[in-house]
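Chain residues, written in single-letter form:
There are 2 protein chains.
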Amino acid sequence: MQLKKIMLATCAFSVLAVSAAHSQTIGKAEDQVRWRQSAFSTMGWSMGRIKANVSGTYNKEQVTQAANTLQALANSDIGSLFAPGTESAKGWKKTEVKPALFTDKEGANKAWASFAKEADELAKVAAASDAAAVKTQFGKVGQACKGCHDKFRVEH
Amino acid sequence: MQLKKIMLATCAFSVLAVSAAHSQTIGKAEDQVRWRQSAFSTMGWSMGRIKANVSGTYNKEQVTQAANTLQALANSDIGSLFAPGTESAKGWKKTEVKPALFTDKEGANKAWASFAKEADELAKVAAASDAAAVKTQFGKVGQACKGCHDKFRVEH
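In the order they appear, the protein sequences are chains U and R. The first sequence begins at 12 in my numbering and counts up by one. The second sequence begins at 12 in my numbering and counts up by one.
Everything labelled a hint here was simulated from the structure, so no lab data went into it. Relax, there's no trap hidden among the hints.
Where chains are identical, the list cannot tell them apart; a pair therefore holds if satisfied intra-copy or between any two copies.
With a cut-off of at most 27 Å between alpha-carbon atoms, the simulated BS3-like pairs for lysine-lysine come out as follows:
no.	residue 1	residue 2
1	162	101
2	39	146
3	128	71
4	39	105
When you get a sec, could you build the whole thing from the sequences and use the hints?
So this is what it looks like as structure tokens:
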């Protein structure tokens, strides 16, 4: 019974997280919301940098930097920042997460895994290939972002 | 003369950046400040995660995730987000950067390079070593952060 409780508690903390078991949870609700908003803003910056490169003059080093940042964040257990109690907390601003993210954990995990897969591939392509290949893979990452936003982010 | 102007403009955009030549600059001043505040907040989150692990139960996967995020950001040309015109702009909040960062470019580049070196090493140590080795290298990263904050960040 005690073990079951511990397992349930562990599950509650692992929204979006494939491997958060036994990991340290830090911060209050408002810290977690600020951190997740910061991580998504950093991903937005990185996507913007890659977009500017595939649309304009291509700088492989800049694209690689941005793709590596996306990959690191995609694999950095951002799901741990969606712990219970953060559903309506304010970070830098009011959270834009739909309640569905906290109830449809399977859907959220699936959407995130899809993004992480495409981001991993983008980092590989950025390091090894040319602008055309990056543009194609960048489109797939964008689709994965959109798929998750459509389901789990409030329109604004 | 025209070339000289272009070179000067390129230099002006490469505060802190070792290799920003010819890279795309995106965003307005307020976007850049929000992005840099987000990147530093994401680094703060990652440092907090590692601290919790070296002070408590150690989870190698979580430490590796956080160290990889620090490394990616340390090498992601965050200096490009300190372009002229962002000295007093507001992002999520008023910028905390001291004017010195925009005048002492050599000092800023040196401080950032020191952080990037220690962050690169931390990512290696996190992947290959144990909690004790990570704790030591984590201390070095923290010192590099502090060295830069003391010089270039307003006390708060």
